[in-house]
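Student: So the chains spell out like this:
There are 6 protein chains.
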Amino acid sequence: MIDFALDAFIEATLREDLGRAGDLTTNAIVPADRTASATIVARSALTVSGLAAAGRAFVLLDPSVTVDFGAQDGDTVAAGTVLATVSGAARTLLTAERSALNILGRLCGVATLTRRYVDAIAGTNATIVDTRKTTPGMRALEKAAVRHGGGKNHRFGLDDAILIKDNHVAIAGGVRAAIEAARTHAGHLVKIEVEVDTLAQLDAALAARADIILLDNFPAADLIQAVRRTNGAALLEASGGVTLASVREIAETGVDLISVGALTHSAPSADVALDIAET
Amino acid sequence: MIDFALDAFIEATLREDLGRAGDLTTNAIVPADRTASATIVARSALTVSGLAAAGRAFVLLDPSVTVDFGAQDGDTVAAGTVLATVSGAARTLLTAERSALNILGRLCGVATLTRRYVDAIAGTNATIVDTRKTTPGMRALEKAAVRHGGGKNHRFGLDDAILIKDNHVAIAGGVRAAIEAARTHAGHLVKIEVEVDTLAQLDAALAARADIILLDNFPAADLIQAVRRTNGAALLEASGGVTLASVREIAETGVDLISVGALTHSAPSADVALDIAET
Amino acid sequence: MIDFALDAFIEATLREDLGRAGDLTTNAIVPADRTASATIVARSALTVSGLAAAGRAFVLLDPSVTVDFGAQDGDTVAAGTVLATVSGAARTLLTAERSALNILGRLCGVATLTRRYVDAIAGTNATIVDTRKTTPGMRALEKAAVRHGGGKNHRFGLDDAILIKDNHVAIAGGVRAAIEAARTHAGHLVKIEVEVDTLAQLDAALAARADIILLDNFPAADLIQAVRRTNGAALLEASGGVTLASVREIAETGVDLISVGALTHSAPSADVALDIAET
Amino acid sequence: MIDFALDAFIEATLREDLGRAGDLTTNAIVPADRTASATIVARSALTVSGLAAAGRAFVLLDPSVTVDFGAQDGDTVAAGTVLATVSGAARTLLTAERSALNILGRLCGVATLTRRYVDAIAGTNATIVDTRKTTPGMRALEKAAVRHGGGKNHRFGLDDAILIKDNHVAIAGGVRAAIEAARTHAGHLVKIEVEVDTLAQLDAALAARADIILLDNFPAADLIQAVRRTNGAALLEASGGVTLASVREIAETGVDLISVGALTHSAPSADVALDIAET
Amino acid sequence: MIDFALDAFIEATLREDLGRAGDLTTNAIVPADRTASATIVARSALTVSGLAAAGRAFVLLDPSVTVDFGAQDGDTVAAGTVLATVSGAARTLLTAERSALNILGRLCGVATLTRRYVDAIAGTNATIVDTRKTTPGMRALEKAAVRHGGGKNHRFGLDDAILIKDNHVAIAGGVRAAIEAARTHAGHLVKIEVEVDTLAQLDAALAARADIILLDNFPAADLIQAVRRTNGAALLEASGGVTLASVREIAETGVDLISVGALTHSAPSADVALDIAET
Amino acid sequence: MIDFALDAFIEATLREDLGRAGDLTTNAIVPADRTASATIVARSALTVSGLAAAGRAFVLLDPSVTVDFGAQDGDTVAAGTVLATVSGAARTLLTAERSALNILGRLCGVATLTRRYVDAIAGTNATIVDTRKTTPGMRALEKAAVRHGGGKNHRFGLDDAILIKDNHVAIAGGVRAAIEAARTHAGHLVKIEVEVDTLAQLDAALAARADIILLDNFPAADLIQAVRRTNGAALLEASGGVTLASVREIAETGVDLISVGALTHSAPSADVALDIAET
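Residue numbers (this note's numbering), protein chains in the order written: chain B, 1 to 279; chain S, 1 to 279; chain P, 1 to 279; chain F, 1 to 279; chain Z, 1 to 279; chain L, 1 to 279.
Everything labelled a hint here was simulated from the structure, so no lab data went into it.
Watch out, some of these pointers could steer you wrong.
To be verified - Once the Cα atoms are required to be at most 30 Å apart in a straight line, the calculated DSSO-like pairs of lysine-lysine come out as:
#1 K165/L x K152/S
#2 K165/L x K165/S
#3 K152/Z x K165/F
#4 K152/P x K165/P
#5 K165/B x K152/P
#6 K165/S x K152/L
#7 K152/F x K165/F
#8 K152/S x K165/S
#9 K165/Z x K152/Z
#10 K165/P x K152/B
#11 K165/B x K165/P
#12 K165/Z x K152/F
#13 K165/B x K152/B
#14 K152/F x K152/Z
#15 K165/L x K152/L
Generate the whole structure from the sequences, applying the supplied hints.
Tutor: Encoded structure:
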């Protein structure tokens, strides 16, 4: 199945790099009929994401290129693993290289960081989820990368669930009023989540039957209290400044979800490279 | 002057977040006629970039919003600094918040990391430059962020200069042949840079009168040799695995340019937030 | 707040009508400096929707035009009601007329038909909801029209909730297996609805704790049974061939939701017109 | 031959339904390698239009899908007729289903209603034509549907013929002045039609040698008069509130053309469905 | 009234020139707050077209710029005439200069050449018309330029009239068969023109009642014969290799229309310049 | 390798011609299953450019069409040369004909005129270069045509080199100040060219070490002086009112580059045609 949004993204990525005049260097030096094959290699251990997209970059630019995958999105691989082999016109391989790697490196970075968070809470009942703090234009890809790293997704946008934040609560005049306004407007398929800053607000949210309650910057002791008071009546999400150092303690409080903005806004790019071998 | 590319980017960013149905939460809870003002605040010390873009996000979404800037792109500010104050419909402020911050946080992150590299080599003759390892769709913005952080820009794309990489050299059959092929095809306004892996290749590049020579992963001792041999006949660029720990030693070898991919592919997002104060 | 999607839709609508050469008739006959005002009038009783969009068509084409609204989306008005008065260049009024009315007529048609269904079940606990059987390119507008007519919205697309249909059940090997597969993949904000054809399937869906159960083409007697068995454990949606003649009987069975494809796929356009009065 | 406009329309239709995250249900439940075939079936008697477009929706989304047509645009078929068989990945069939059917149902609706009008005037010399009261974005498709139903097309837009309406006449200061202004500006390939409300205006239009004269809301007796007076000197088009009940009487007056807005603005969607049979 | 197509064309023109990084020279040298005014001047005598478009280029790029026009499209002016004065940010004037002049120079070129052809046949009954041999993307603008030069427009595209060319005739099996096939398919608003190579074909075209007959590469003597035989029963268009040297003789044969491809495919750009005067 | 920008340009060209309703004539007269082959022929001697693009127009519109090339971009051919043979559906050949020829004729025109300038200076050391006076939307194609004609390219846009013009010099307060401001802002890959009007300014430009110096409207005697003073310290470009009559004298002064705006703004279209031979 064609992913129209992905193809448009890849074409825009390539065109941003090609500019008006194309790859001056390659066109000057590499004969048009020279073929080659190249490997896309993980230079360090990583969790794979974006591999299909990276391969697609070559094929969209040049449908005569073939791509053989040595791994797939979601795999965790050792340094040195050949992720894919790309064969075709040498010009294509060189011209698409940077676009493909920019996409792949970023998405492997997100998946790899997610995997570290997920591994850090192994054995608990909590789930790592992302946020809307994503790269403009790459939300669907980055949310897929979070899934490839073992996490789950929070909202994809402002339109697919209600998330009442502190400012909404303030304007509505309280947690209960905000939830009721939301319920009046929301369709029957829309879940309602509310952010609370205190245990008192938690009680109000429970009384108003929120589906999910986001506990913002709660100390671990308060999280434990919150889990106790809630007793399964709603899903509880811990959020705010979560790090690899703190995430396990948070998970062990019994919350259902831990959202981590850093998964998408601060994951360093993974080290991937393309090695060309002439044929 | 309107920046058409920027406006298109911002609109795409907003639409990605708004989806088909818009901001369900805000539309359910916040009255359409409620106004507010909000501050965009640096939660930690940072170098500013993307502030004009972030302000533009509010105004594009709602031309009746006003933005007053408390800082400008290129400033380095302390934690707590109010970067801008945004006033207008409360719905607009809440709906555009995440889009504006996603852009601003990423670009401040790039500028702040660049500033650290630039400060690390203060007093040397070297210049920090970026690479093409940028976020798809954000190249011009991220390259501006590098300038805001005190760095300079390398190529904007494959079409605005010649950069002969190792694979080109291999296909051309040597550094000299590659440079000559490039010179034959390039217009008179196009500079020619060539990547070399050894001092022997450096000599070939100098003999062929390359404008700039990229020294790939040279140890410091070799960089010093390269500077000596070149003696101003070409610009020298050090590249490959540069870190904040290693950059000063590299700069002190006397190279002209140090390119750092991490500036754009691995800068953590800066911590910026929007605080709403009702009016 | 600008609705980017709406503006793009209106511009496309106008450009489809204007073609390459624009309004030949108006440009030949009406002087460029002639001004006029016009009223948009409901020729028959109707429920209003799309009025803001219709007004926007004039203003997008010519920002110097002014629009004064005599009604607003959601109002039910008598034949002869002036919905809006548009003033400005006579050429603009004539050139945008058909585009504006095509949008308005269709959306008022949807709202008016919805209102009839909603009125038909007044006093019951059921809610009228739409489907994804919408006009390509107009889903958000038509779903707003359903709300303006007093209905509620079902899914906006394939991505904002799980709706397991008969074919999914068949492939999954049963209602329970399908619901479990869905729950494994879905994020915590996504509700799960399943379509059932029999009371036995209803039981399976209840056992698997579906959030909503769609009762496809159930006779009224079976709907009553379904309501009894469910006893509030899930929302129940009646669907399939619902007409104005049958909807009340269905509503009185106690189901929560009644979905009606005809609201958007077969509503006749409402009779709206533009009357120009020179000034 | 590729129809670029059609492909863009179909892609937009699919993307509207797929949203950011795609078909959650199908992706959760249906294995990626499961294949299936499905029939597109007419649930009631109808005249076919949009079948090529509906088939194209599957193929654009997934070029490995094959479509075999059991009928073609323009055919009138009985309830139960298999219009097409679609084979390929089960996910594709389920994901594209609604988009394809929304297009097909609407266009068959237009063709079927047109066919009823055309049949109603069989044996007369009149021709049923459409108007510009079409669905935004679908004008070319709906006008093709009118042809499939046996009708002919009026203007495609404001730019492909002159149609002087009552407001133009008023501004020009009379029928004759309006026609003369139009003739001065129009190219030699552009025909001139004028709308008249009275027999006196008809005389003026004839005197000014209009190519076509639109008789707006003329009673049948006046239409007969108009035909007599015109005596072949211009084409005559009857328009205004034409219904299936009134159309034959109008046709029998001897007018050349009868334009019916309802063909495109109020045709109920035809009942078409996709039945999946696993393979 | 906004011309959406024109604005999109101008934005694309500016973006093609601005590239990814914008006007390097102006941004480096001209302070952002420097204002200036500039005149757009005709360096040689010319007929004006595209002046509104050229002015719009500045205003679209920077809405704070003001443009005062010293002439208007359709005027014929002497060398040295100030066509417009543009005032605002100096950066804007310099950055938009080339885009504005490229549009203006080309369109004035078309209008000026058209005016020469029109003047060359003054006093005859013939009309100069253009062809579809236009610059890709600029058809509407170039056809307006033809009108500004005193000519009239032929078809705007393949869809707004029937023009049966020699290849169509050959495939149809003759002039008569081709015209009849065309008449069967065409709507009542579509005129039918047919190209003929001989007087015998002219007779066939007259017998089949073509609206317009294109006489392809007829010698003057044959044109006179054709006019005589036709005797007003159809419009006659002379076409093929018309030059300024030959056009008057052709016009004096009595044909109605003379089409000249060179108007749009070979008009040299008019000499227009922008002179900046600081303020 | 796909040229995304070219494909988008061709599709826009075709859609501009096809309008909403497509090729009325061809669809009415030519059976859908009729095949044919056609030759694209040079009607006069010319230098080829745009042939690949012209062939692509047929294939993009109809992937089942095949194109065999009889020449290639850069060839200079005699009148009567078959440039390509196109085979496939007769409708496709007729429908794409004008779009393909409009592109081809214009680009061959540019290449042919360039070739005349290049030939005129054969044996000198000068190079013919183009300017930014290109057709909106066709810059990359026209600059390729200049290369096909034996010329070289100047800047592709405002962003790929510094070119300081007289207005910049005036605002900067002199040639030296302008060059220094440019050097401060420019990256290390950007060359700096400056326009001078006098020999005194030339001296200033040399002192400030400009890479290239544009001598604007210098008489030949002054060009000779300029070459002498410069003595290889910078490239010298002669510009301003260059004609085929004057270009050799200019080249013989010893300047390195001669820029000619007419190559792209005033080249008459080359005479190319498509001859259909049924099969």
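Student: Starting from K165/L, check that the Cα of K152/L is at most 30 Å away, please.
Tutor: Holds, at roughly 21 Å.
Student: Quick one, are K165/B and K165/P close enough, alpha carbons at most 30 Å?
Tutor: Status violated; Cα separation ~34 Å.
Student: Can you confirm whether the C-alpha distance between K165/S and K152/L stays at or below 30 Å?
Tutor: With a Cα-Cα distance of about 24 Å, the restraint between K165/S and K152/L holds, given a limit of 30 Å.
Student: Is K165/B within 30 Å of K152/P, Cα to Cα?
Tutor: This hinted pair holds, its Cα atoms lying about 24 Å apart.
Student: Does the alpha-carbon distance linking K165/Z and K152/F stay inside the 30 Å limit?
Tutor: 24 Å, holds
Student: Would the hint linking K152/F and K152/Z be met if the CA-CA limit is 30 Å?
Tutor: Holds, at about 29 Å.
Student: Given the hint that K152/S pairs with K165/S, test it: the Cα-Cα distance must not exceed 30 Å.
Tutor: 21 Å, holds
Student: Starting from K165/L, check that the Cα of K165/S is at most 30 Å away, please.
Tutor: 34 Å, violated
Student: Check whether the Cα positions of K165/P and K152/B lie no farther apart than 30 Å.
Tutor: Judged against 30 Å, a Cα distance of about 24 Å means the pair holds.
Student: With a cut-off of 30 Å on the C-alpha distance, tell me whether K165/L and K152/S pass.
Tutor: 24 Å, holds
Student: Hey, K165/Z versus K152/Z, does the alpha-carbon distance stay inside 30 Å?
Tutor: 21 Å, holds
Student: Holds or violated: K152/P with K165/P, Cα cutoff 30 Å?
Tutor: The given pair, whose Cα atoms are some 21 Å apart, holds under the 30 Å limit.
The structure fails hints 2, 11 (numbered hints given earlier, in ascending order).
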